[in-house]
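2 protein chains.
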Amino acid sequence: MVWDAWGIPAGHKPLSAQIRGLLTQVFGVSGDPVTRRGAGEVPLRDSVLTPARRDGLIEVVGADNVSVDHHDRLLHAGGKSTPDLLRRRADGPQDAPDAVVFPADHEQVFAVLTYCAEHAVAVVPFGGGTSVVGGVDPVRGRFEAVIALDLRRLDTVTDIDPISGTATLGAGLTGPRAEELLAAHGLSLGHFPQSFEFASIGGFAATRSSGQASAGYGRFDDMVQHLKIATPSGTLELGRAPASAAGPDLRELFVGSEGTLGVLTEVTLRVHPIPEAISYLAWSFPDFATGAAALRSVVQAGAAPTVLRLSDEVETGINLARSGDVGGNPVSGCLAITTFEGTEAHVAARSAEASALLAASGGTDLGSAPAREWEHGRFAAPYMRDALLDVAVLCETLETATSWSNLDDLKAKVTAALTDSLAAQATPPLVMCHISHTYPTGASLYFTIIAKQLDDPIAQWHIAKKAAGDAIVASGGTITHHHAVGTDHRPWMSAEVGDLGVRVLRAVKEELDPAGILNPGKLVP
Amino acid sequence: MVWDAWGIPAGHKPLSAQIRGLLTQVFGVSGDPVTRRGAGEVPLRDSVLTPARRDGLIEVVGADNVSVDHHDRLLHAGGKSTPDLLRRRADGPQDAPDAVVFPADHEQVFAVLTYCAEHAVAVVPFGGGTSVVGGVDPVRGRFEAVIALDLRRLDTVTDIDPISGTATLGAGLTGPRAEELLAAHGLSLGHFPQSFEFASIGGFAATRSSGQASAGYGRFDDMVQHLKIATPSGTLELGRAPASAAGPDLRELFVGSEGTLGVLTEVTLRVHPIPEAISYLAWSFPDFATGAAALRSVVQAGAAPTVLRLSDEVETGINLARSGDVGGNPVSGCLAITTFEGTEAHVAARSAEASALLAASGGTDLGSAPAREWEHGRFAAPYMRDALLDVAVLCETLETATSWSNLDDLKAKVTAALTDSLAAQATPPLVMCHISHTYPTGASLYFTIIAKQLDDPIAQWHIAKKAAGDAIVASGGTITHHHAVGTDHRPWMSAEVGDLGVRVLRAVKEELDPAGILNPGKLVP
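For the record, the sequence lines run as chains Z and V.
At position 381 of the first sequence the residue is numbered 381 (the working numbering), and the sequence of numbers has no breaks.
At position 145 of the second sequence the residue is numbered 145 (the working numbering), and the sequence of numbers has no breaks.
Treat the hints with care, since some could be wrong.
[Claimed, not checked] Facing chain V, from chain Z, some residues (calculated, C-beta under 10 Å):
1) S405
2) P428
3) T441
To be clear, the hints were calculated from the coordinates, so they are not data collected in a lab.
As the structure is a computational prediction, the values presented were derived from the model and not from experiment.
Built from N, CA and C at the ideal position, the CB exists for glycine as well.
Only chain Z is shown next, with the shape it has when bound in the complex (with noise of 0.2 Å):
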């Protein structure tokens, strides 16, 4: 991962002739993109790690495996989030952790945690480094030092189970990676959110992930059989069977808990075998609620495809559902993507079934060609954003949830609400929204918006992020679908869960971090 952008350098490009044009026309931008500084350029804040400290951490993992290297610090400064990537753009010493520290095992998680709950060291656990919520960013808060936690050596797979179609997964794994080790046991995991190239096992968890195969295999929290987890007051092992009525689901309090209650050291994952089969279809709808409303039928019909995707007319018209090759080849109306996976007889029965359905809800059959491009681009959104920012557009995405009667008053008020906070600052954007998760009760909203950079864009950003998530909050939906809390909406947590259920996480925080050292600033208000 570059340390001011997405990805790897193979992966930016820069905008073609005809994007530049097409911006410079709505957005008045000359198209012509800012020299970033290289990363050896950049200053960064004073580590403030004691010697003492350092030996401590050493101790515990190795000289090796403690490092307050300039590189290592930037490459830990943070997320992915748009004002993230501003910020490095920006001139001036960056934020970055005081330490990076890499253990070997969940006992070594553990020794770290104990020692910096002892010390008064703040921890970030960290995996891929691609939360766009600010869910890694290196806050010291009241401590004397903050530390990186970085899992990546925790990276094997163990106890296959190709019965039980299960596998325990270590935490600091990729998501290619975890594939990898898999499919040589003819398994696959198939979560596959657009950060899949580089997001962790341990970081789906702990942000309640959603792939874009969750129509067919799940959100990650639905794969989750059983969690190892590191606190300050020990080890917790959770989830004994598929399914268990002994009591709360305490699972569900480390799923989505961002490294605030405990570090997930190790997580056992429902997988599946590699499909024998992939079937493709898109299809155009002549509006964003006649489409909503056809993939509601087959969701609620027990007919879902594994990928179930809609565009809506704005997104669809500039085409960035299919390959983030803006301009090219318009669909016209939605388009809609469905995929399907399995046997060759599961293939073929539910294929059927659903495209009887969308058809018979006005659907226009488009053949596989645009859902083999729309998988082909898929994790390339991100690095359009950069070639975006570079010339001066800022472009940043959030994502809400409600139900299926609530979804087309949600999408027009946070359409509005984008829309005139980014106004009013002479900016007008262009809003995009797509349906990428569905459940029988609703669906996903998915928004991406892009307007010309003011400049103080974090500012500018940060006035229509309120906005949305205000609207968010105002009309029913939830502050985050798949992003999860971190800084970003911790503001809004109270709204979401009440003052008693924050009270609750607090209560459950104070049991197991009583030094309160993981993850300070995030999730918890």
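Using the hints, position chain V against chain Z.
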């Protein structure tokens, strides 16, 4: 509900001569039923509720809704486990709450909790009273008195949303009444546990109930969208969207909380249109392992029927799996039941896919009749238990769940523990088992145990139950799949969630119920 047995008087039938003959032959019992006491003859422990406390409660809910009447207290004396029923059949005074309180709504529930927390009165939330784990035992604990908080007046359906497929149900609604109110809107919940006819919506949620159609409609916890909860510390409203990444899912703390953390007053649930079509199909498998592998193949392919069950050889042989008509018309090998519900198209597609898999896995199609017979008799087993208890035959059930790969071993170990522990008391049992709930990664095991009663059948069963519970824990199962913890499974809670998990539960309880009045002696060790 009658006070000393399951259900209503009309449900009780004497054993047939054929069954009595079988019992005499196998267990050496006479087959002549004992005479049970009338409710009016039963002495109760004295109510210790002082007039001042009674007046205090009357101030909250009105004089008509605070009862110290003998019959009301007797009907709230506890649940319906076999030890419960054996205690009712024993001489001497019965345990009972000191009063029964019937609040009208959420606000009254909250006011009762506030009053009781201030005045050291324990509160046992009471729905249908069908607990089989001691979950509604009138435990006074360290408090001055204990009341049963009967929620039957919270009996409305509100916020019906047919688009989203959701409805908000009062906690006191029974299964049949909920279905009746939903049916007026063309909707159904589809939750049919064996307790369906008497148990309540709040009870289903508080105990993580799982119905016989769980393969199709999910467990009750899967259905929960939103909860309204009264606690001594205030009111919680949880669940803003079909799915969310806004931190831990706090609903999952209260689903399964068994009245120890708060009182569920309203539950918003996923509902579905009354099925257009239902198809029934029964199967025979040569042995349990073959049948289990067949069920697994269907569930893992994503082709699960609405109902999917498999009885082992013993249960199939004595035909308990069908209508409780023991001895009649046995099927060879192991009987499996499938039903398919939904639109005509869905039923056709799904039954074709599932049937092909079951046939390919060694199943023989038995036609629809055995599946219809099973459905017809599916709520009858608890009545049969009463008839057996009346002729001095012990009959009890217990359940667990585990991964598919561990299923055979767990079944063998639990069967051995039950057999050995009862044989050692010179009462060798008949142990039957079925799979009633399936998941991609595993399944439940539901055991029925029948043996000759000793003079102290409660002590006799306690030995067998302890052996079974220890075997479950040692063999990697969960201590309860859908019966909850109550008092009976509490000894194994530390094994289930670990000592630190218990500390987390205690911390949450301390925050919400600092006086500890809520359902003392249940769930939390």
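Right, here's what the structure says about each hint:
Annotation: interface hint on S405 (chain Z) holds; nearest CB of chain V at approximately 4 Å, less than 10 Å. The interface hint given for P428 (chain Z) is violated, since its Cβ lies 29 Å from the closest Cβ of chain V, which is over the 10 Å cut-off. Using the Cβ-Cβ criterion of 10 Å, the hint placing T441 (chain Z) at the interface with chain V is satisfied: the shortest such distance is roughly 5 Å.
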